[in-house]
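> Sequence:
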Amino acid sequence: MSSSNSRAARLSAHVRPAGPRVSGACGSNTPREDRADEGVPPPPAPHPEQRPRALATKACANDPATGYSWKDVHADLESGNYAGVYGWDHAAYWGIAEAKAGVDLKEWYKTRTDAEFYLPEFQELVTDPVVQRDWDRIATFDPMGMWAHPPTIASCKAHLDIPELKDLHQDGVIVTPSNEIVTSKCAISYAWNLPLLSGRLGLTEDELRKALHKFSKDDALLDPKVKTYIPAVGGCTMYTFGDARKLKDPRTEVTVRVHDECIGSDVFGSDICSCRPYLIFALRQAVECAQRGGVGVVIYFRKEGRSLGEVIKFRVYNARINQEGGDRPEMYFHHTEAIAGIRDARFQTMMPDALNWLGIRRIDMLCSMSNEKYEAIVGAGITVMQRVDLPEDYVKESMKVELEAKIASGYHSDSIDKDAIAKSLTQLAAIRHQCTRVYELAKKGQLGFFTVDESKMPAAVEATAKAIRERYPSLKVPPHSRLRHFDGWRLQDMLKNWNCDKVEKARRLVDLVFVSVLLDAGAGPTWQYVTPGGKVTKSSEGLGEASMDAFQDGLFSTDSALRTRVNSAALKNVTEEILARHLQVSRNNPLIGVPGRAKLLRGLGDALEKHPEFFGAEISRPGNLVDYLVAHSKDSKVGLEHLWRVCSEGLYSIWPLQTNGILRGDIWTLKSLHIDGKPGSDLVPFHKLTQWLVYSVIEALDLTMGLQVTGSEALTALPEYRNGGLLVDTGVICLKDTSWFAQEVNVGTELVVEWRALTVVLMDLLAEQLRAKLKLTAEALPLASVLEGGTWHAGRMMAKALRADGSPPIHIRLDGTVF
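Under the working numbering, the letters of the sequence shown match residues 181 to 999, in that order.
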């Protein structure tokens, strides 16, 4: 008999057919009659097709090169060579049930029924050799436990009915029309690899054995030949959203929450801690990730009260609540240590095994404030791209003691004095300041994802100079502005046909610029727009033409007699469907981020009405900022600070809140910048769309009424994928790990933050070298012209030369609100 047939025969010998059962008075699903002398009935004849081949025979053999591995754990469980009792935290109940039912449960649970089902998505995922690559890290359970005898892993489908999540989008796949969430869940029971686990815990194997023996009285733990232990503790349950098989693809977006049991909050809603709110928040993020085509994973660990249990937990609650002065953060951990003798017994280094089992090597969004969890995950070889705190609006007053105590003890938090920090981060100078700090770290080799090679800068300069010479042979380069993306003749005709004074022309052109800029985020590789004249356009130019057509059609005006104007009332009525129609979006002509673009326009309508000092009181329109600037001008000149105030303060509310519910707009966290005692020191502002708007308004004002904006040199290069792509494609900015070129990342990940920050600083250096090369001054070739001439087009041309679809070197998931 071949080894594979032999293996199948051995497996099928453990399969038993489903049959009628009689539930006994003890509630066990076993016959109640006396069968003490009968033992377990013999297994049926072999039927290899009744269960999948889980593992090749030789894969279960001992591997001397790696010591005692997960394969050995699996083999010892199969042979019964382990300490502890199959049953874990239910073993005592099983013992009683066995006595009352008269059935040898230890043998019974080695068998299978022919009705058992193995969830295909988990079966196909965990039997993939690529997924199994990190299994040698697993020390707490048998990775093949789904097919083991006795089994230690099982999975099934389920629908979740969660009141707080009834507002999720009903896509019919992840969220049903009845608001139920579809999930695949997998229960894992532990089988500890003692040699491997001891090293992870920083103990000798002998120390670990003696510690476990003291609290279990299991003498098998003292036998060095017994290397697997079934502990009398609860395991974990993972809930996956979306097809878990996608985890095999490194490009898949992954959101993760590792959550430790808190039954008082999670189930009964106790408000002394934030456990349920964080669980609900994480479930929301996981589901929305799945709806975007990714996979959400929430793993629920049975570690009640930090593995100290509810008795200790309630004693601590009493001490906290009844102490003199009431519950307060500085005494939070004191009471735990005084009552329990220790602060925590969860040992988070054991936690990442479940993530390694799924083959997860990158987490795009980790919903966790715990530094211990974060460090354990990173220590398990998993890259965390972005950490997300619990949003403030999820936190009740009664929960703040716990959160403040955890933050003080080192938990990660983006919580800041929002008003003070936001004010500082909206200053233009803050962009260059924070980006320069990133650049300095890069020069020291201290960034997480990138290095800088300035010896390659001449290549970037030459590519830019070539683009300028081809497009502007006279070297008279206009500024980078949205006006470049309108058909020049159409724009001139429109301005000529407006029968009004130059100030009103300025207002109308500013109206158009506002809506066009807010629609100008990455379109995607396939979208195109056909003008009324039959011209086919794509990318930013296509969006420019589409926005001008929508503007002239009156989409943004409620006054049918004055269609080429924008007012708040019309903007607030722009729906996703209406916008999609005007942008010619269809199944065959998809555009990235239509919902995000429509939401920005509606938000603009609200913002205009909130700021009558900038946008007018009777009729709220973007163009009314012209009057504000004129009032602050002198000799047809106005300082940039006035225009920046209008755009940064006046439009602040339109930018979507980030997932943490704290930061708004184009401001992101980079942990390598953190300075203890300086809130906000790790935040990097970019304000890309706001700067793009300001660049464009500056030209509109000059073109229509000759109003010049002074101080524009304070604006930075736009940190987007064309400018940044040029620097990557020429080798100035270098990825430490080139595998990221094949993956897709979220805009808030530290990889993207580093890339964009370096782009801001290095574009300034490129501009200096370019001027020297072309023998031009900063006045003759300002940064706005360098971008237009320039780096943006050079980046696009280089992308087209290097990649068939012209995509940037690093792929970012776009939603139409940043790039």
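It should be emphasised that the hints constitute simulated quantities derived from the structure, not laboratory data. It is possible that part of the hints are untrue.
[To be verified] Restricting the straight-line Cα-Cα distance to at most 35 Å, the calculated cross-link-like pairs of lysine-lysine (DSBU-like) are: (1) Lys-790 x Lys-779; (2) Lys-394 x Lys-428; (3) Lys-405 x Lys-426; (4) Lys-955 x Lys-779; (5) Lys-656 x Lys-953; (6) Lys-682 x Lys-493; (7) Lys-752 x Lys-676; (8) Lys-623 x Lys-676; (9) Lys-715 x Lys-636; (10) Lys-623 x Lys-280; (11) Lys-603 x Lys-790; (12) Lys-394 x Lys-405; (13) Lys-624 x Lys-980; (14) Lys-624 x Lys-290; (15) Lys-646 x Lys-718; (16) Lys-752 x Lys-636; (17) Lys-656 x Lys-624; (18) Lys-337 x Lys-394; (19) Lys-779 x Lys-636; (20) Lys-676 x Lys-603; (21) Lys-817 x Lys-646; (22) Lys-646 x Lys-623; (23) Lys-676 x Lys-817; (24) Lys-337 x Lys-286.
[Unchecked claim] Derived CB-CB ranges, DEER-like: (25) His-393 x Lys-286: 43 to 53 Å; (26) His-339 x Pro-300: 27 to 37 Å; (27) His-339 x Arg-670: 32 to 42 Å; (28) Gly-247 x Leu-402: 15 to 25 Å.
For glycine and all other residues, C-beta sits at the position ideal for the given N, C-alpha and C.
> Output the numbers, in ascending order, of every earlier hint that fails for this structure.
Hint check: 2, 3, 4, 6, 8, 9, 10, 14, 16, 17, 18, 19, 20, 25, 26 and 27 fail, others pass.
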